[in-house]
Amino acid sequence: MKYLYTARSVAAETFRESVKNRFFTVFAVFAACAIYASLLAGVMAIEEEARVLSDLGFGLMELMTLAYALFHAAMAIPREMETKAIYLVFSRPVSRPAYMLGKAAGLYLLGAFMLAVMAAIHLSLLSLRGFPPCAAYFNIVACIWLKIVIIISLALFISLFSTSPVSTMVISAVIWTLGHFTPEARFLIEKAGGFSGALLKGAAWMIPDLQLYNLRDAPLSASGGWFQVFYAALWALAAYGASVLLFRKKEF
Amino acid sequence: MKRVIVSIDGAGKIYHLRGLGRKMSVAALSDFTLDIFEGEILGLLGLNGAGKTTVMKLLTGLIFPTSGKVSVFGLDPREPRAKNSIGFLPELPYFPPHNTPYGALRYYGLLSGMSGSAIAAALPVVMEKVGLAPHAAKKISEFSKGMLQRLGLAQAVLHSPELLVLDEPVSGLDPLAIHDMRALISGMQAEGKTIFLSSHSISELEKICDRVIIMAGGHKTLSVERKNWETAPGALESLFVEAVRR
Chain X
1 MKYLYTARSV
11 AAETFRESVK
21 NRFFTVFAVF
31 AACAIYASLL
41 AGVMAIEEEA
51 RVLSDLGFGL
61 MELMTLAYAL
71 FHAAMAIPRE
81 METKAIYLVF
91 SRPVSRPAYM
101 LGKAAGLYLL
111 GAFMLAVMAA
121 IHLSLLSLRG
131 FPPCAAYFNI
141 VACIWLKIVI
151 IISLALFISL
161 FSTSPVSTMV
171 ISAVIWTLGH
181 FTPEARFLIE
191 KAGGFSGALL
201 KGAAWMIPDL
211 QLYNLRDAPL
221 SASGGWFQVF
231 YAALWALAAY
241 GASVLLFRKK
251 EF
Chain U
1001 MKRVIVSIDG
1011 AGKIYHLRGL
1021 GRKMSVAALS
1031 DFTLDIFEGE
1041 ILGLLGLNGA
1051 GKTTVMKLLT
1061 GLIFPTSGKV
1071 SVFGLDPREP
1081 RAKNSIGFLP
1091 ELPYFPPHNT
1101 PYGALRYYGL
1111 LSGMSGSAIA
1121 AALPVVMEKV
1131 GLAPHAAKKI
1141 SEFSKGMLQR
1151 LGLAQAVLHS
1161 PELLVLDEPV
1171 SGLDPLAIHD
1181 MRALISGMQA
1191 EGKTIFLSSH
1201 SISELEKICD
1211 RVIIMAGGHK
1221 TLSVERKNWE
1231 TAPGALESLF
1241 VEAVRR
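Protein chains in written order, with the working numbering: chain X, 1 to 252; chain U, 1001 to 1246.
Bear in mind the hints are in silico, worked out from the structure with no lab data behind them. Note that the structure is a prediction, hence the values are computed from the model and not measured. Yeah, the Cβ is synthetic: ideal placement off N, Cα and C, and Gly gets one too. Incorrect hints may appear among the rest.
As the list claims (entries may be wrong) - With a cut-off of at most 25 Å between alpha-carbon atoms, the simulated BS3-like pairs for lysine-lysine come out as follows: (1) X:84 with U:1145; (2) U:1138 with X:84; (3) U:1227 with U:1002; (4) X:84 with X:249; (5) U:1069 with U:1227; (6) X:250 with U:1145; (7) X:20 with U:1138; (8) U:1145 with U:1207; (9) U:1227 with U:1193; (10) U:1069 with X:249; (11) X:250 with U:1023; (12) X:84 with U:1139; (13) X:191 with X:2; (14) U:1002 with U:1023; (15) U:1145 with X:20; (16) U:1193 with U:1129; (17) U:1227 with U:1207; (18) X:201 with X:191; (19) X:249 with U:1023; (20) U:1139 with X:20.
What the hints assert, rightly or not - Chain U stretches covered by chain X per the calculated footprint, using a threshold of three residues with CB under 8 Å from any CB of chain X: (21) 1105 to 1117; (22) 1128 to 1141.
Start from the sequences, fold in the hints, and give me the full structure.
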């Protein structure tokens, strides 16, 4: 119980700090401008305006949330260590697993909040142009959030051993990119034999399959999306477990 | 005979530093032994790199001893019950600048396991005690160094700990802020708290401490009681110079 109470306090503080950060306003304004700028591309698409507006909007929502959430995930713990704010946390009866959970939960919440704000902007644009949102609109937004959950969990883990927040962001961005090509990568790995094939097969397990969440290209499977939820939870749990192991003996 | 509340027995601490393909070990503390008695103000005096902060971090469970034993109220400093009995003010504490002092203190109160109602009751009292009540509505970004230090002290005493560990509490403060901080520390001793503080400033420790430990190169070189430095020619300064040059 105390574990959850502490995690909730850390999560609320992490969320509050991220939203009150001056970059948040810049991101929000930029996101709104970018989503509304897709009007231009929509007009040029003539008959496909609805699809272009919809796809560009989703793409921008995903990239904006990814950039901001990754920025915060990469900084969350290193910054507290650098400013020594972490002294005030761990000189108190705060368990390290609860702290890690709180940090992750606060960032998941930040991702959800950003997506909600940008979805509202996007829906207002679609309604302005007289297009109804697609039937799977909220499923698509939920899938974007699940991807963000996976990448935030991995970024938090990487930030515990990487040399700087920039390297955390770069490694996470590489994982994000590779995650969208796992089906292709698996196909190529199957073709490769011998030791290198076995090595690549092992490495492929370290990359989440983010293509599972691309509902714009493929509709939800018969599981109704529960597989995607389970898959994201599994990756988040694995990253959390590894982070706790790494953080357990860390000194400040 | 007063109760021993902190006991450090032959503690050592080695930091392992990693560079480009190199691994280096630095002994920050060696065979350090210390008892802190209930109700006293104990000062830790030493040059930069003497190991003062290492001792404070060992007490607060932020680092772990490489050798020896540390106990706080008879417990391992990493145990939640031990941590709940300690209030820690690190050197130059950091608080999120967009927050208000109430917001920051509320967060630290929650982390100390206080209920919402207990925090609400303690906040005005603590803010008044450290002299921040008139600045409660300000953002932390508007705070001076002295006000930040007061806020640091407020978060340390919020959960009513029995032991206060203060790392360089007057570092970088102006003379008036130092005077106020000294009064605050003395007031806390009068309330029955035990205070363990480190400083570079000999004159500061002379004014408020009952006992001073002098450190050099990770070792305890001398333990002096008030009556000793008050009667010594050249007071605490001469004892310090002699001890660190030994």
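Right, here's what the structure says about each hint:
no., hint, verdict
1, X:84 with U:1145, "16 Å, holds"
2, U:1138 with X:84, "23 Å, holds"
3, U:1227 with U:1002, "18 Å, holds"
4, X:84 with X:249, "17 Å, holds"
5, U:1069 with U:1227, "30 Å, violated"
6, X:250 with U:1145, "30 Å, violated"
7, X:20 with U:1138, "15 Å, holds"
8, U:1145 with U:1207, "22 Å, holds"
9, U:1227 with U:1193, "21 Å, holds"
10, U:1069 with X:249, "17 Å, holds"
11, X:250 with U:1023, "17 Å, holds"
12, X:84 with U:1139, "20 Å, holds"
13, X:191 with X:2, "51 Å, violated"
14, U:1002 with U:1023, "44 Å, violated"
15, U:1145 with X:20, "22 Å, holds"
16, U:1193 with U:1129, "14 Å, holds"
17, U:1227 with U:1207, "12 Å, holds"
18, X:201 with X:191, "11 Å, holds"
19, X:249 with U:1023, "19 Å, holds"
20, U:1139 with X:20, "12 Å, holds"
21, 1105 to 1117, "holds (count 6)"
22, 1128 to 1141, "violated (count 0)"
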